[in-house]
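Colleague: Residues per chain, in single letters:
There are 2 protein chains.
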Amino acid sequence: MHSDLARIVGEQYVLKDAPAEWTQDASIAMGLRGHADAVVLPATADEVASVVAWCYERGVAIVPRGGGTGYSGGATPAPVPGTAGPEGTVVVALDRLDRIRSFDPGLWRIEVEAGVTTQTIARRARENGLMFPVDPGAAEQSQIGGNIATNAGGPHCFKYGVTRAWVTGVEAVLAPGELVSVGGPTRKDVAGYDLVGLLTGSEGTLGIVTAAWLRLLPAPPHPAVPVACAYPTVDAGCAAIEAVMASGVVPATIEYLDAGALAAAAASFPGGLPADAQFLVVCEADSGQADVAELLEALGPGARRHEPRELWRWRDGVGIAVTAVQGGKLSEDIGVPLDRLAEGITGTVEIGLRHGLDACSWGHAGDGNLHSTFLLRPGDREQLAKAEVAVEELFDLAVSLGGTISGEHGLGWLKRGQLHKQWAPAAVRAHRAVKDALDPAGLFNPGKKTA
Amino acid sequence: MHSDLARIVGEQYVLKDAPAEWTQDASIAMGLRGHADAVVLPATADEVASVVAWCYERGVAIVPRGGGTGYSGGATPAPVPGTAGPEGTVVVALDRLDRIRSFDPGLWRIEVEAGVTTQTIARRARENGLMFPVDPGAAEQSQIGGNIATNAGGPHCFKYGVTRAWVTGVEAVLAPGELVSVGGPTRKDVAGYDLVGLLTGSEGTLGIVTAAWLRLLPAPPHPAVPVACAYPTVDAGCAAIEAVMASGVVPATIEYLDAGALAAAAASFPGGLPADAQFLVVCEADSGQADVAELLEALGPGARRHEPRELWRWRDGVGIAVTAVQGGKLSEDIGVPLDRLAEGITGTVEIGLRHGLDACSWGHAGDGNLHSTFLLRPGDREQLAKAEVAVEELFDLAVSLGGTISGEHGLGWLKRGQLHKQWAPAAVRAHRAVKDALDPAGLFNPGKKTA
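Which chain is which? The protein sequence lines are A and B, in order. Residue numbers for the first sequence follow UniProt numbering, beginning at 1 and rising by one. Residue numbers for the second sequence follow UniProt numbering, beginning at 1 and rising by one.
These are computed hints drawn from the structure, not numbers from a lab. Do not rely on the hints blindly, as some may be mistaken.
[Unchecked claim] Here are the simulated distance ranges between beta carbons:
{"#": "1", "chain 1": "B", "residue 1": "Ala267", "chain 2": "A", "residue 2": "Asp98", "range": "52 to 62 Å"}
{"#": "2", "chain 1": "A", "residue 1": "Ala239", "chain 2": "B", "residue 2": "Thr44", "range": "31 to 41 Å"}
{"#": "3", "chain 1": "A", "residue 1": "His2", "chain 2": "B", "residue 2": "Glu350", "range": "34 to 44 Å"}
{"#": "4", "chain 1": "A", "residue 1": "Arg354", "chain 2": "B", "residue 2": "Pro221", "range": "51 to 61 Å"}
{"#": "5", "chain 1": "A", "residue 1": "His420", "chain 2": "B", "residue 2": "Glu307", "range": "52 to 62 Å"}
{"#": "6", "chain 1": "B", "residue 1": "Gln119", "chain 2": "A", "residue 2": "Glu297", "range": "54 to 64 Å"}
{"#": "7", "chain 1": "A", "residue 1": "Arg123", "chain 2": "B", "residue 2": "Arg313", "range": "57 to 67 Å"}
{"#": "8", "chain 1": "B", "residue 1": "Arg126", "chain 2": "A", "residue 2": "Glu297", "range": "43 to 53 Å"}
{"#": "9", "chain 1": "A", "residue 1": "Gly271", "chain 2": "B", "residue 2": "Thr44", "range": "35 to 45 Å"}
{"#": "10", "chain 1": "A", "residue 1": "Ala239", "chain 2": "B", "residue 2": "His2", "range": "27 to 37 Å"}
{"#": "11", "chain 1": "A", "residue 1": "Asp17", "chain 2": "B", "residue 2": "Asp46", "range": "51 to 61 Å"}
{"#": "12", "chain 1": "B", "residue 1": "Met1", "chain 2": "A", "residue 2": "Ala246", "range": "48 to 58 Å"}
[Stated by the list, open to error] List of simulated lysine-lysine pairs, DSS-like, C-alpha gap at most 25 Å:
{"#": "13", "chain 1": "A", "residue 1": "Lys435", "chain 2": "B", "residue 2": "Lys435"}
{"#": "14", "chain 1": "A", "residue 1": "Lys159", "chain 2": "B", "residue 2": "Lys159"}
{"#": "15", "chain 1": "B", "residue 1": "Lys386", "chain 2": "B", "residue 2": "Lys435"}
{"#": "16", "chain 1": "A", "residue 1": "Lys386", "chain 2": "A", "residue 2": "Lys421"}
{"#": "17", "chain 1": "A", "residue 1": "Lys421", "chain 2": "A", "residue 2": "Lys435"}
[As the list claims (entries may be wrong)] Beyond 10 Å from chain A on every Cβ pair, some chain B residues (computed):
{"#": "18", "residue": "Ile8"}
{"#": "19", "residue": "Glu140"}
{"#": "20", "residue": "Val162"}
{"#": "21", "residue": "Pro232"}
{"#": "22", "residue": "Gly327"}
Ideal Cβ placement from N, Cα and C applies to all residues, glycine included.
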């Protein structure tokens, strides 16, 4: 295996002993460790195609890997015995495909290879008066290929849409190892089935994205102004969110923290919070001072403006603050219709209570996307077992509210086999039929995103 | 057949002799006439599922039909002998699925059945301070189910995105006759493969959309102000378009007309046009007077504001004005990257010249979407034959410019079998594999959107 792969990518780019940092991702926080027979770091899309062809011919599983910042174990190869390919597993890391192939600021577009980081794209856009609005977090590590593979979201997707909205074309390696391009710099294209959309969010189970054409947008002419307001109850906070929706303003983002998340993160909130704060709503307008004033009015007395950098630095630290409470957590990303948000939030806490677990949530309120979280002591197996049952109930809750078991992280490994809770059998069959059609040997990221 | 179908939908909703108005669509302008054994008008999604199940069991082809406003013959059943299902063809018209199932203005969303017209949705939104920005034209006839099936576009998709961007969920009947829902009122969902996206633009070849959840947006706070400017050459006009892109404004739309289209439509242009006008650019800003001023400056001397209703009524009549020149036309909808727009425009005219045909184009400049058109005298078979060759060259041109053979109309019947010009063999295989996976018997809209 190693000598064959070395002939394709070069000796030093085959990591024979598959070092741990390449066989785990952000799901290591839940203890998920993988195994692979080799890690390869191709330099070009053609090398990726050759590696896939080599693997596909031999029944070797292929696990594409971006920045490894995903929470669902999508980039963790073969986490349990029996889930590897019949002839082993190769991790294909896209790090070296890090070129910006073309950038046309005047035409609002950029063509990037899969390994370019989200931050690099956002920075290049910003330096040229443009915006790449997708902000899934961990922007320094996360790569656009992984963003596309998970159809990544983030706070500002409320106004600007998720990754799919910004991809006009992908270059990808499909089974059994063929490099194709669908879409491109053209902004509209309805000739073929939407393979761009199908690959976006497919979590590496249908092929490997090697490059993409992205749309960009002129930067908003007005500075982004975050405004925040605390509330004494979930209901009061959710009523404020609906008032924001009814204000006529299109906020760039509508975020929330519930009481448990606030308890973990309130101490560092810029300017402090009232003692009775049990719920926080953060909005942002990038459409002028009149809209900022509308948001302040919709949020009600106590709402105030914040300095963007300060506020978002604090917001970025919420997940870490919640983890720090007990040292660990099991965190999900269910989505619900906006009018069921309060039920999702209180339901999360109730599920925790039933299992003797502290629970909380925060997230992208405007999109009804909750980071529902159970707090855990590291190494406490009994507690983890309880949390795993609680998560099943959480998924049932999301579905019963008319929502989804995954709003932005994807199924990956940790939510494999759960789609049937959400989709009727005929839709699940369609999901599986698509997988079988594009990956007949089942070698792309086996065990992930299964229905 | 008729008595079985009558048991499902009721006697009066099976049209036995398949009247001509149900077996042709807007492609009748190119002489495309279809044949069907029956036309059924189910009243509910369950009736649609029962009809499909009946057909699928018996090898009868199913042709879904919305408003019949498509230009590619997508709703024209079995236009030539041998293209029907092995046991005949049933047209399934969605007209009676015309209910708005739910409308939550405060939550920016609406759930509509497939037969609701585009205009009805836009009007209901507008009456409630919201906007449904997709405007593919023929809004009184065109139905949302057909808009979804073709992933319809329109002038304002430049700023607001095509139909796909507004659909958060679809209810559809899949083979062999099962009603499923994927997505819904939840705004973000990455649990399964993107079946919403796959059905959107699938032109009825993978299933029948029976209902959809749509996102809406608060109406822009500023009135939409169209501005227009004439130029003496294609290059000058395209330079102005690039100046608009570089202005920092995000226009709601950027449209153009070339010399031939202007010759047909200039007489009725509001306020008239300079005698040397050979190219027209129309933009619109709905983001305030400062942006209108920026657009006027970017378009250059001669640019002026227009009254929106007057300007758009004129713009809506361009296609008809072009048809009126010789009585007929063969019109396509190629898309190209924006920096190749001038080549697409001049190339269209050059192709016409080579074949002795008057040619012109107009369309959605910002999206690089050209309605490239060859003028025809009705009934002139020799001229039509020339135009059919010219269209093939037009597709080659679009592909050579890095574009697409269809920016918004879809392949339908008229562009069937052309995708291979644009996509590499492996991508074409993926397109076909998806079709075979979801419609194994090949009964959904046979002969349409083939690669």
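Colleague: Hint by hint, say whether it matches the structure.
Modeller: Okay, the hints, checked on the actual structure:
no., hint, result
1, B:Ala267 <-> A:Asp98: 52 to 62 Å, "56 Å, holds"
2, A:Ala239 <-> B:Thr44: 31 to 41 Å, "36 Å, holds"
3, A:His2 <-> B:Glu350: 34 to 44 Å, "56 Å, violated"
4, A:Arg354 <-> B:Pro221: 51 to 61 Å, "46 Å, violated"
5, A:His420 <-> B:Glu307: 52 to 62 Å, "55 Å, holds"
6, B:Gln119 <-> A:Glu297: 54 to 64 Å, "34 Å, violated"
7, A:Arg123 <-> B:Arg313: 57 to 67 Å, "45 Å, violated"
8, B:Arg126 <-> A:Glu297: 43 to 53 Å, "24 Å, violated"
9, A:Gly271 <-> B:Thr44: 35 to 45 Å, "55 Å, violated"
10, A:Ala239 <-> B:His2: 27 to 37 Å, "55 Å, violated"
11, A:Asp17 <-> B:Asp46: 51 to 61 Å, "58 Å, holds"
12, B:Met1 <-> A:Ala246: 48 to 58 Å, "51 Å, holds"
13, A:Lys435 <-> B:Lys435, "13 Å, holds"
14, A:Lys159 <-> B:Lys159, "13 Å, holds"
15, B:Lys386 <-> B:Lys435, "33 Å, violated"
16, A:Lys386 <-> A:Lys421, "20 Å, holds"
17, A:Lys421 <-> A:Lys435, "19 Å, holds"
18, Ile8, "19 Å, holds"
19, Glu140, "23 Å, holds"
20, Val162, "6 Å, violated"
21, Pro232, "23 Å, holds"
22, Gly327, "29 Å, holds"
Hint violations for this structure: numbers 3, 4, 6, 7, 8, 9, 10, 15, 20, all remaining hints satisfied.
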